[in-house]
Amino acid sequence: MEIKNIPLNELDVEPINLLKKMLQIRKFEEKIEELFLVKGTLIGPAHLYLGQEAIAVGICSALKKDDYVITSYRCHGHAIAKGVNIKKLMAEMFGKETGTCKGLGGSMHAAISPEDGLIYATAIVGSQIPIAAGLALSNKYLNRKIATVCFFGDGAVNTGAFHEGMNLASLWKLPVLYVCENNLYAEFTHITRSLSSKSIAERAASYNMKVFIVDGNDVISVYKVAKDCIEKIRNLNGPIFIEARTYRMKGHGVYDQAKYRDPNEVNEWLQRDPIRIFKEKLIKEKLLDEEGYKKLEREVINEVEDAVRFAEESKVLEFNELEKLVYFEK
Amino acid sequence: MREITFVEALREAIKEEMKRDEKIIVLGEDVGRYGGVYKVTQGLIEEFGEQRVLDTPISEIAIIGAAAGAALGGLKPIAEIMYMDFAMIALDQIVTQIAKMRFMSGGQLKIPIVIRTQYSLGRAHGSQHSQFFPSWFVNSPGIKVVSPSTPYDAKGLLKSSIREENPVLFIESGVLYRTKGNVPEEEYTIPLGKADIKKKGDDITIIAVSRCLNEAIKASNILEEKGISAEVIDPRTLIPLDINTILSSVKKTGKVVIVADDVKFCSITSEIAMQIIENAFDYLDGPIVRITSPPLPVPFSPELEKMYMVDENKIIKGIQQNFGYKI
Ligand SMILES: Cc1ncc(C[n+]2csc(CCOP(=O)(O)OP(=O)(O)O)c2C)c(N)n1
Ligand SMILES: [Mg+2]
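In the order they appear, the protein sequences are chains A and B.
If you read the first sequence in our numbering, its first letter stands for residue 1, the second for the next number, and so on.
If you read the second sequence in our numbering, its first letter stands for residue 331, the second for the next number, and so on.
So here's chain A without its partners, still in its complex pose:
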């Protein structure tokens, strides 16, 4: 697809808002990392979104509040980009009753908040892909102009759930946007050691759906492609697939030091930090200056600090509340 070169000031979103959202994710994740590794306050698995911010922000900025997002365990970025309350998100990391999932989900399911259109986040690789097809089916059946976006990683394309979900979504022409965030690694294994197809995009195309490859570190490119795709999705006529190419700045999980990666590869990608790239672009186009950036950064850091305080001061759910949450009771 041809991405039109629209000048930044003619976009239908405020570029500064895109930057701010990316910064919110960045600062949130950096704080999580610190809470795990330096302070030792948090424990359990957590998968950071550092380096992939442009994808969540680019895609979710093209969505309305009631559009659906379904994702994996690497979900903090999607939650923030879709507009979840950061305090609730942080409280979920702490397992507190004020969290998005009352502390029962934790980091890997924190992006479940239907009031924000965040429908589900799963810790089983690929399992969201057929579920997304079902969400889209409900929208198509009820004739709601709601788009469903399903995020997953490069590793998920090798699961059975991916194949079954893709086939069904395409066969039934379901209005779902599949977004594969190709960060080159599934846990500790490079994509060249797991994928038999020439590319993820090629595999997706074999399901007879439109496929776009986009630079996942360029928020504007992601936004433009997403905007176009979402318009089409709203017409309820079939799935679209985006392969967004990106890189994890850090390890798979918060404890992983990612020593298995080639330092040249890492350095090359660190040069392409999506936030720095976008910041420099905004400065060049005189939509931002260094001071304005510092101010924005401080604002975001304060917001994250407030969220930590809120989480720390919150209580844990009473244990006897748990049994009421297994089944829906009228």
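Some chain B residues judged to face chain A by a derived CB distance under 7 angstroms, without partners named: (1) P387; (2) G395; (3) G399; (4) G404; (5) T426; (6) G436; (7) G437; (8) P471; (9) G472.
Calculated from the structure, these hints are not laboratory results.
Ideal placement from N, C-alpha and C gives every residue a C-beta, glycine not left out.
Got chain A sorted already, so can you dock chain B with the ligands onto it with the hints?
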């Protein structure tokens, strides 16, 4: 009262509910144009259209996954898994996704799905098309499990399952499909979590699940001729399990036989026996007797399969051996 088959009872339940609620859809392999391999969904596509009756590819993961998504989006899907053995392919979606969604979302999500499936023990379908394994699912808090044994129960329980706001695994027995029973023309439902005393008695309590109910009734008739009165109870739903109805009977008789088609080890009979021990130990006159499938995959040979299966003779033998009756 009119008599209809098990299959007809199921079909009526689905049709009546689909007429009542437009959010109900049916999906599964060959459920539409072909009408279902066992004809449960016959005629639905003609009556309700392709929008509501969806033939799926052979994709068990996607059948349950799509049902889950559709439920999250506000629909009420009835998904058919052709054989219970194939539910194993969708185990992640059933056990790790839908059963846990509500809990781990802190109660935000509601997942009204019915998964209908059947086991074909008794129809010479071999090891991979016959097994009954409810314990794989009753072990997963978040899902309800139903196992009807008569057309009447099948219809009333299926209607209630469809009206549930929780995921329900509805396990049918293939050999029961052509059995007939009284089913009223008038509308009725049967609540989940209520056992049914199929026959009153005072000397022995026989608890029988799904297909085994008929075997237990046959055994109780033999016992009756010998002057032994057996109370026969069908739990009907395994989750929630109506243990109180079972306990009241046990407290009266002191003798318990539990009959089901799963292999004994960690089976539904294990659980029922244990709950009796925990709650009515002092009332027991002897060991709890369990009549189940042996610890073997199901053999194909129809003669061997017959030997493999629970029947009234095995139930009688168990009673003779353990309670000292001469029958
Ligand atoms: C079905 C399943 N298998 C294995 C795992 C363990 N696991 C967790 S994340 C992961 C890698 C997934 O990689 P990818 O899909 O590329 O997503 P990313 O973590 O890069 O975002 C693995 C193997 C799992 N959670 N689920
Ligand atoms: Mg990856």
